[in-house]
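Visitor: Chains as they are written, first to last, in full-length UniProt numbering: chain A, 1 to 202; chain B, 1 to 202.
Honestly, I wouldn't trust all of these hints.
Identical copies go unnamed one by one, so any copy, or any two together, can satisfy a pair.
[Stated by the list, open to error] In the DSSO-like style, the derived pairs of lysine-lysine whose C-alpha atoms are separated by at most 30 Å in a straight line are:
| id | residue 1 | residue 2 |
| --- | --- | --- |
| 1 | K168 | K57 |
| 2 | K168 | K121 |
| 3 | K138 | K168 |
| 4 | K29 | K168 |
Simulated from the structure, these hints should not be mistaken for laboratory data.
2 protein chains.
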Amino acid sequence: MVRRTGRRPGNPDTREAILSAARTAFAEKGFDGASIRAIATGAGVDPALVHHYFGTKDKLFLASMNSPIDPIDLITEVTAGDRDEIGVRFVRAFLNMWDGPRGAAAVALLRSVVGTEWTAKLFREFILTQILRRAVPKLGLDAAEAHLRITLAASHLVGLALARYVIKVEPLASAPTDTLVAAIGPTVQRYLTEELPGVFPA
Amino acid sequence: MVRRTGRRPGNPDTREAILSAARTAFAEKGFDGASIRAIATGAGVDPALVHHYFGTKDKLFLASMNSPIDPIDLITEVTAGDRDEIGVRFVRAFLNMWDGPRGAAAVALLRSVVGTEWTAKLFREFILTQILRRAVPKLGLDAAEAHLRITLAASHLVGLALARYVIKVEPLASAPTDTLVAAIGPTVQRYLTEELPGVFPA
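For reference, chain A alone in the conformation it holds in the complex:
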């Protein structure tokens, strides 16, 4: 699933060895605990080569998960603009990703996350370090509420993706994007920015 482009030099075997070592390290030690140095040692290469191939640790992590997107791009797109419209922008950007050329990779990722415990563990790290840690500052939420608010919204969206793109339940699977944005956008808006009576301790 890793795309190789003209801009990425090097031996495919070396790249794959680094990705394999990275998967093991991230699954065993978590994102913060896994060092580029240890991953390089695991792959039998120099740490400089890891940086050369993959750039930052974030980028290496996303590549090791075969992530179809860098969530920071989605977060940046969604948080730019009117705060009262963040819900509808979020749902629209999410659906556009799944309906676009990267949708097949997203289905593959979702299947693998559900299928095995170690990919589930990687995905927890993904949500924590690539989504929550990067989204909270941009969303301007109360720190005590932010993680529950974002995971409520994310759980709805991942369920929508599961129903629409993996299980393909009708009429969800064929519903126009605008219909789903109108239905689900207000829910995501409520989870992210509105009062949620009974949810947070007073």
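With chain A fixed as given, assemble chain B onto it according to the hints.
Guide: Below, chain B without anything else, positioned relative to chain A:
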């Protein structure tokens, strides 16, 4: 996964042969197209034995999917009582099922549905024939809107189950039931019974 109790007579191999033939028939022909007679023939037994072991075709279908519950029980529980509280009852009953002794079977079912196309196909039949067909009359919804309303609610709940019980994302995984009922109940209520501007054609 199939529970055998003192009330269920017969040879385990025969039961398994019937379930195996049922899975194939339901996946290939759908719930309505698969006949008890053809399933019995596939298993090399008399149709009366299929009825004797499993009762109705609905029950045989649920057994063939290793369904942890009969959705009609959940639907009956949720639709009894005040219509304005249906959302919170739905979320509470759903979480209680996953947190109860049948939760492990529910996780296994969700994993298998995501893992393979033929279980996804079976699950589509499950949603159509065991949930939608049975829930719509009890919910008293407009027939033109009912399927989208119910699948919107169901997609949220399946996403919640995925995040909380399979991927185990915090803080969702450890959130008290009451917190999630307070957060998600109003969403399910809105999807099922409230106005959804922009969702249904005028």
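Visitor: If a hint holds in the structure, say so; if it does not, say that too.
Guide: Verification of the supplied hints:
1. K168 - K57: Cα proximity of K168 and K57: across copies only (24 Å, versus 35 Å in one copy).
2. K168 - K121: both (26 Å within a copy, 9 Å between copies)
3. K138 - K168: between (33 Å within a copy, 24 Å between copies)
4. K29 - K168: between (35 Å within a copy, 17 Å between copies)
Violated hints: none; the structure is consistent with every hint.
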